[in-house]
Amino acid sequence: MSEILVDVKNLSKEYKRGGETLVVLDDLNLEIPKEDYLALMGPSGSGKSTLLNLIGGLDTPSSGSVSINGERIDQMNSKQLSNWRASNVGFIFQFYNLLPVLTAQKNIELPLLLTNLSGAQRKKHVETALNIVGLADRSGHKPSELSGGQQQRVAIARALVSDPDILVCDEPTGDLDRDTATDILNLLKSLNEDHGKTILMVTHDPAAAESAKRSLHLDKGKLII
Amino acid sequence: MKYWIIILAALKRKKWRTGLTISSLVIAFLLFGLLRSVAVIFTEDVDLSGDDRLIVSSKYSIIDSMPIAYLQRIRGIDGVEIVAHQDWFGGTYIDRANFFPKWPVPPKEFLDIYQEFKISDQHKEAFISTRTGMIAGQKIIDRFNWKIGDRIPIIGDIYFLDDGTNLWEFDLVGTFTDIENPGNEDQVFLNYQYFDEAREEEWRGVVGNFIVKLTDKNDGPRVAKEIDAMFANSMDETKTSTEKAYQQMFASQIGDIGFIMNAILAAVFFTILLVTGNTMSQSIRERTSELAVFKTIGFSDMTVMTLVLIESLVLCIIGALLGLGITAIMMPALSEMVSVSLGEISLEISVILSGLGIAIITAFVSGFPPALGAMRLKVVDALKKD
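Residue numbers (my numbering), protein chains in the order written: chain A, 1346 to 1570; chain B, 2 to 387.
Pair by pair, the computed Cβ-Cβ distance ranges are: (1) N1428(A) with V381(B): 11 to 21 Å; (2) G1415(A) with L9(B): 35 to 45 Å; (3) I361(B) with F1440(A): 33 to 43 Å; (4) N1414(A) with V381(B): 17 to 27 Å; (5) G1485(A) with I261(B): 48 to 58 Å; (6) D1371(A) with S282(B): 37 to 47 Å; (7) S282(B) with F1440(A): 18 to 28 Å; (8) A329(B) with K1469(A): 37 to 47 Å; (9) I28(B) with L1462(A): 34 to 44 Å; (10) M2(B) with D1371(A): 40 to 50 Å; (11) G1415(A) with L373(B): 31 to 41 Å; (12) F260(B) with N1428(A): 48 to 58 Å; (13) S1357(A) with I28(B): 51 to 61 Å.
No wet-lab data here; the hints were simulated from the structure.
Model, not experiment: these values are computed from the prediction.
Just so you know, even glycine gets a beta-carbon here, dropped at the ideal spot from N, CA and C.
So that you can see chain A by itself, here it is in the shape it has in the complex:
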């Protein structure tokens, strides 16, 4: 069996709303091996995005533990989590979230600004990421000059550029038409199979889930196998 990259144990997340306690994740356990490609499915409010945020180090659990590559990220403070995210995880969002005034190249370069790489080294890394997503000829274009699919490819390149172990995708094809969505899913599959990236994807789309190696369903904060 492959080495475990993500190890979630007895994970719970609760929110206080007025006087009520809302349980979003309830004593959840999950192991994700390295180079896995896992699709998380479930109805709205089932807790899949919350789980994604906890594994991506964007949120902290109410109880339980989240270990990535043996590191307990649930015990890290805000600054430690920022540093951890910068080098260990890449995020891909439904709406791309690119900076509109920057070119594709500059958008992709953003995560590298946090490293000690020189300008030339950063440029080289960006070129590599652009080649992987097939947008080398669009590096000088701004998001408004690119199609939705191309913008998502830029977002994927931005997630890849710092060479993280894990890619966290929140509805990556939710804003795309079927053909473009298929292209993006093929790209994610290639990143998993050819580049060894571990991918955790939240989706409502069964076709997207089918492109993953395996799928898990969440309902009312619990995993349904």
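We have chain A; now place chain B onto it with these hints.
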């Protein structure tokens, strides 16, 4: 600095708004540069040494006059080279809108003291020898298209003629220039002898102030002290100061100029603080999801806060540099406009530095609330907004 692309991206996001905010800052700092430069003249410390001209005026008010007999006694003080005197004539040339200062002076002594007024020997001689003589600065000549030999009517409002009328007439006998300080060309000088003899009898034999030229400028403090001591406990006690200090005093008769200007500036900057603060808050609100992305990809809370503060700082510094730059360009023209009453005005380094200091304070005060908001932004909540 590698983060510049983020700062510039933020400023370029809404170019029109950034441009308008910078424009308001430019206007604020232009006002600051101009008003502070004028205010400096009223508020700077006065040093009695280093000025070879002293002005002797009444101790209690600069509108009070002193006996002309003081002239001989002042002249007798060791270190005094020349003594002249001048009066504020007031008066109107045709229309009140044609205002310019008119000063009765003793022609020879006055021109001997003010060597910077360039006047031909012929015109100087004419001024000395013509009882009703007047010399005018080149600007006045150009403004009213006067010619040598013209008879210039002035309606007196302070001084009346001995017959009870107030229509004074002077003969234009010369012109002068002052290349160093062209603002001085915006005034005229009248022959004191005629002025004194023609005015109402009860006003005769007094002058507004004395101008003392020193043999050695380092003697200023001593000579000033001796003059004031000489007339202490008399009916007309004196107050002797440098020419610059006198100009300050003269101009401040209309109020505490320094305070008025600072109050105007405070109002301007309070408004600018609100404008910049509003711009920054609006800009940060619009970029909530972008800031969340920065945090997602690893920018710490403190880095995001610093980026917002630097953005505010860049905005204010650009506004300040442009505003103060335009002030520097406009300064010669301003100086020319007001130098008759105030002396030379320049954009001093202290004004530039305090302008930049205010820009930094404005940036931090207006940028801090949105920066704090950006720092506290929770990524999970911010991304939900999409």
